[in-house]
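Each protein sequence line maps, in turn, to chains A and B. Reading the first sequence from the start, the letters are residues 0 to 203 in numbering that gives the first Met the number 0. Reading the second sequence from the start, the letters are residues 0 to 60 in numbering that gives the first Met the number 0.
Read the hints as simulated data drawn from the structure, not as lab findings. It cannot be assumed that every hint is accurate.
[Said to hold, decoys possible] Quick list of in silico lysine-lysine cross-link-like pairs, BS3-like style, CA-CA up to 25 Å:
#1 A:Lys97 x B:Lys27
#2 A:Lys16 x B:Lys36
#3 A:Lys102 x B:Lys58
#4 B:Lys34 x A:Lys66
#5 B:Lys45 x A:Lys49
#6 A:Lys49 x B:Lys58
#7 A:Lys97 x B:Lys58
#8 B:Lys21 x A:Lys49
#9 A:Lys115 x A:Lys66
#10 B:Lys27 x A:Lys176
#11 B:Lys38 x A:Lys97
#12 B:Lys36 x A:Lys101
#13 A:Lys176 x A:Lys66
#14 A:Lys101 x B:Lys34
#15 A:Lys115 x A:Lys49
#16 A:Lys176 x B:Lys38
#17 B:Lys45 x A:Lys97
#18 B:Lys34 x A:Lys49
#19 B:Lys58 x B:Lys45
#20 A:Lys176 x B:Lys16
#21 A:Lys186 x B:Lys45
#22 B:Lys16 x A:Lys186
#23 B:Lys21 x A:Lys102
#24 A:Lys101 x B:Lys58
#25 A:Lys115 x B:Lys21
#26 A:Lys92 x B:Lys34
#27 A:Lys176 x B:Lys45
#28 B:Lys36 x A:Lys49
#29 A:Lys66 x A:Lys96
#30 A:Lys97 x A:Lys66
#31 B:Lys45 x A:Lys101
#32 B:Lys34 x A:Lys16
#33 A:Lys16 x B:Lys16
#34 B:Lys45 x A:Lys131
#35 B:Lys45 x A:Lys102
#36 B:Lys16 x B:Lys34
#37 B:Lys45 x A:Lys115
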Amino acid sequence: MNERDVFINCPFSSDYKEFFEAIVYVVVRSGFTPRCARENDDGGEVRIDKICRIIAESRYGVHDISKTEPEPVSGLPRFNMPVELGLFLGARKFGGKKHAQKKTLILDRETHRYQKFISDIAGQDIHAHEGKIARLIEEIASWLRDQARDPQVPGGRAIAAEFERFRVDLPEVAASKRLERDELTFKDLYAIAAKWIAADDRAA
Amino acid sequence: MAKVSKKTALGRKTIGKVEGAKVLFTTKDGVRILKPKGKATHFTEKELDRAIAAARSAKRA
Chain A
0 MNERDVFINC PFSSDYKEFF EAIVYVVVRS GFTPRCAREN DDGGEVRIDK
50 ICRIIAESRY GVHDISKTEP EPVSGLPRFN MPVELGLFLG ARKFGGKKHA
100 QKKTLILDRE THRYQKFISD IAGQDIHAHE GKIARLIEEI ASWLRDQARD
150 PQVPGGRAIA AEFERFRVDL PEVAASKRLE RDELTFKDLY AIAAKWIAAD
200 DRAA
Chain B
0 MAKVSKKTAL GRKTIGKVEG AKVLFTTKDG VRILKPKGKA THFTEKELDR
50 AIAAARSAKR A
């Protein structure tokens, strides 16, 4: 298990794209390594095996279970996030001494809404992002700072302000390779975030 | 707080490891930004540096 790896469990839908970018940014900016099911595009690896491998390698898990709306085409909600949260909690429960150290941040839009659709996790501390990117960043930054016991990590509002500038630059960075923003892969996003933070830090 | 195992003044402020992860650089506020495990899909290191510099300078011109 890698002490600095953060498993990101969230929707990958287009309406959540900026939230996903924000999670990757705040994890990198807080001095951690983001991990997610999109990090490798290996058709030879079964998806559930890949997710289990990443969970096994990650000390931390950030789970956003806020997307409960039915999909427009199927009329059904996607259950991947609750399943992956269950896998992470199961690894902590049954994975022996090492995996018992795993730490979990669970996010929803409202603090107590989850009780209506996933009551089995009642009693856990659920954080609300209220559907706002800045709030999401604040929650994750505060949690990671606390988990790492690293007072050097800046406050969530400062990181949210940085992310706003990063978000504005991102389409131009993508355009330099004739890419649309939504064509950037997870590995692109991670590399751009790390390099952009370095450039922003040098300019400060 | 985790310790950085090795420091160098060559090129970057800090290179080393924190809890087994390679450090890319340290920000002025002291956060150790970790080196991505894989390479970007669509960019080389130089292309990324150039694209980010161009995007930033265009916005701040």
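Results of checking the hints against the structure:
1. In summary, the hint linking A:Lys97 to B:Lys27 is not supported, as the alpha carbons are separated by about 33 Å, beyond the 25 Å threshold.
2. This hinted pair checks out: A:Lys16 and B:Lys36 have alpha carbons roughly 22 Å apart, not beyond 25 Å.
3. The suggested pairing of A:Lys102 with B:Lys58 is violated, with an alpha-carbon distance near 39 Å, which exceeds 25 Å.
4. For the given pair, B:Lys34 sits about 31 Å from A:Lys66 by alpha-carbon distance, which is inconsistent with the 25 Å threshold.
5. Proposed proximity of B:Lys45 and A:Lys49 is contradicted: the alpha carbons are some 31 Å apart, above 25 Å.
6. With a C-alpha separation of about 39 Å, the suggested pairing of A:Lys49 with B:Lys58 is violated against the 25 Å cut-off.
7. The suggested pairing of A:Lys97 with B:Lys58 is violated, with an alpha-carbon distance near 47 Å, which exceeds 25 Å.
8. Under the criterion of a C-alpha separation no larger than 25 Å, the hint pairing B:Lys21 with A:Lys49 is consistent with the structure, at around 23 Å.
9. Of the supplied pair hints, the one linking A:Lys115 and A:Lys66 holds, its CA atoms being roughly 13 Å apart against a limit of 25 Å.
10. The straight-line distance between the Cα atoms of B:Lys27 and A:Lys176 is roughly 30 Å, outside the 25 Å bound, and the hint therefore fails.
11. Between B:Lys38 and A:Lys97 the CA atoms are separated by roughly 29 Å; this puts the pair beyond 25 Å, and the hint is violated.
12. At most 25 Å may separate the alpha-carbon atoms for a hinted pair to count; B:Lys36 and A:Lys101 meet this at roughly 21 Å.
13. A C-alpha spacing of about 32 Å is found between A:Lys176 and A:Lys66, which places the hinted pair above 25 Å, so the restraint is violated.
14. This hinted pair checks out: A:Lys101 and B:Lys34 have alpha carbons roughly 22 Å apart, not beyond 25 Å.
15. For the given pair, A:Lys115 sits about 30 Å from A:Lys49 by alpha-carbon distance, which is inconsistent with the 25 Å threshold.
16. Distance hint between A:Lys176 and B:Lys38 is fulfilled; the C-alpha atoms sit about 15 Å from each other, no more than 25 Å.
17. As the CA atoms of B:Lys45 and A:Lys97 are separated by approximately 39 Å, the hinted pair breaks the 25 Å bound.
18. Taken as a hint, the B:Lys34 and A:Lys49 pair is honoured in the structure, with Cα atoms around 21 Å apart against an allowance of 25 Å.
19. With a C-alpha separation of about 20 Å, the suggested pair B:Lys58 and B:Lys45 falls inside the 25 Å cut-off, and the hint holds.
20. In summary, the hint linking A:Lys176 to B:Lys16 is not supported, as the alpha carbons are separated by about 32 Å, beyond the 25 Å threshold.
21. Simply put, A:Lys186 and B:Lys45 have alpha-carbon atoms about 16 Å apart, close enough for the 25 Å limit, and the pair holds.
22. Proximity of B:Lys16 to A:Lys186 is assessed by CA-CA distance (about 21 Å); at most 25 Å being required, the pair is judged to hold.
23. For the suggested pair B:Lys21 and A:Lys102, the alpha carbons sit about 22 Å apart, so the restraint of at most 25 Å is met.
24. A C-alpha spacing of about 41 Å is found between A:Lys101 and B:Lys58, which places the hinted pair above 25 Å, so the restraint is violated.
25. Taken as a hint, the A:Lys115 and B:Lys21 pair is broken in the structure, with Cα atoms around 42 Å apart against an allowance of 25 Å.
26. Distance restraint check for A:Lys92 and B:Lys34: the Cα-Cα separation of roughly 30 Å exceeds the 25 Å cut-off, and the hinted pair is therefore not satisfied.
27. A threshold of 25 Å between alpha carbons decides the hint, and for A:Lys176 with B:Lys45 the separation of about 12 Å falls inside it, so the pair holds.
28. Note on B:Lys36 and A:Lys49: the hinted pairing holds, with a Cα-Cα distance of about 16 Å set against a maximum of 25 Å.
29. Proximity of A:Lys66 to A:Lys96 is assessed by CA-CA distance (about 32 Å); at most 25 Å being required, the pair is judged violated.
30. Pair hint A:Lys97 plus A:Lys66 does not hold up; C-alpha atoms about 31 Å apart against a cutoff of 25 Å.
31. For the proposed pair B:Lys45 and A:Lys101, the alpha carbon gap of about 37 Å is over 25 Å, so the pair is violated.
32. Note on B:Lys34 and A:Lys16: the hinted pairing holds, with a Cα-Cα distance of about 23 Å set against a maximum of 25 Å.
33. A hinted pair counts as satisfied when its Cα atoms are at most 25 Å apart, and A:Lys16 with B:Lys16 does not qualify at roughly 31 Å.
34. Simply put, B:Lys45 and A:Lys131 have alpha-carbon atoms about 34 Å apart, too far for the 25 Å limit, and the pair is violated.
35. For the proposed pair B:Lys45 and A:Lys102, the alpha carbon gap of about 36 Å is over 25 Å, so the pair is violated.
36. The hinted pair formed by B:Lys16 and B:Lys34 meets the criterion: a straight-line CA distance of about 10 Å does not exceed 25 Å.
37. Taken as a hint, the B:Lys45 and A:Lys115 pair is broken in the structure, with Cα atoms around 50 Å apart against an allowance of 25 Å.
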